[in-house]
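Chains A and B, in that order, give the protein sequences. Residue numbering for the first sequence is 72 to 247, as defined by this note's numbering. Residue numbering for the second sequence is 72 to 247, as defined by this note's numbering.
For the record, the hints were derived by calculation from the structure and aren't laboratory data. A few of these clues could be false.
[What the hints assert, rightly or not] Computed cross-link-like contacts, DSSO-like style, restricted to lysine-lysine with a CA-CA straight-line distance of at most 27 Å:
id	chain 1	residue 1	chain 2	residue 2
1	A	119	B	234
2	B	154	B	119
3	A	234	B	224
4	A	224	A	181
Here is how the chains run, residue by residue.
Number of protein chains: 2
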Amino acid sequence: MTSSEPTRIMVAVNESTIKGYPHASISSRGAFTWTIEKIVRSNTTGFKLLFLHVQVPDEDGFDDMDSIYASPEDFRNMQHRDKVRGLHLLEYFVSRCYEIGITCEAWIMKGDPKEVICREVQRIHPDLLVVGSRGLGPFQRVFVGTVSEFCVKHAECPVITIKRRADETPEDPVDD
Amino acid sequence: MTSSEPTRIMVAVNESTIKGYPHASISSRGAFTWTIEKIVRSNTTGFKLLFLHVQVPDEDGFDDMDSIYASPEDFRNMQHRDKVRGLHLLEYFVSRCYEIGITCEAWIMKGDPKEVICREVQRIHPDLLVVGSRGLGPFQRVFVGTVSEFCVKHAECPVITIKRRADETPEDPVDD
């Protein structure tokens, strides 16, 4: 009934929008914790987690820079900073897996998160994709779009959306 | 990290539309098998399955009866027949759980499946709801409606939709 290959669960993770420091978003952490507590449980050898972080290329890229003029060096610095932030984010999840004793992989891609996630599902063929969700209402969703809804419709594997707990919702629910 | 309470997975199951005999639908069986193989695996004590079968009240109720006139006894017979069919369906899943050694519960409700499933989620608070899906395209969905889509949107717990495997799709994909 049960194959010896572990169940491969892809978890899409992103940074928090709240703090300047690269913390994992509330919904990413919620999705990860739920997966460990409710699915993996004590069976750490039965599962493998695959963390995918998709970085959105910053279209103007100067939100938090001093100058509106960019030199090639500015771009390199920006790219370096993005890379460091992304690695920090993945380090958080990889470290927690290491503590728990569950095998994992983690990687960073650039692009539109919803499209990249679905493309990576097609490439990697996980058994399950777990995506956190802010659990926004229909009115808010019109403006912010939701990665999770897109993945539920388009990803070529079963998808589970973990909504943020009500007591973890920040003051502005669009924040995460 | 892991609580001692098992993870409670509600699995919505229904009868096949193909045969006269009350077999489980292809998508119900697929959802069940996936849950056992990919989530429960060898950790049978870590999970409890909750099978919900929602019977749709037959509005005219005489599709397969000889007479268009109904006596109170006809109604009683019909209700008895429905009950027997529902029990047969649940027996299939309960027996398989017994063989595997996983605890389960099973019950039958009447009503609109999508609404009853969401209401039961509210009452029972499972950790996860698993629903099979025929994986129909947008054109077919307009006519048949999909229980899974409704549950993904409205159920108050994480929901996972297991699409029917392509090689199990019957000649008429609306059949199941």
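Here's how the hints hold up against the structure:
A C-alpha spacing of about 22 Å is found between residue 119 (chain A) and residue 234 (chain B), which places the hinted pair at or below 27 Å, so the restraint holds. Restraint check for residue 154 (chain B) and residue 119 (chain B): satisfied, since their Cα atoms lie roughly 24 Å apart, inside the 27 Å limit. As the CA atoms of residue 234 (chain A) and residue 224 (chain B) are separated by approximately 11 Å, the hinted pair is consistent with the 27 Å bound. As the CA atoms of residue 224 (chain A) and residue 181 (chain A) are separated by approximately 21 Å, the hinted pair is consistent with the 27 Å bound.
When the structure is compared with the earlier hints, no violation turns up for any of them.
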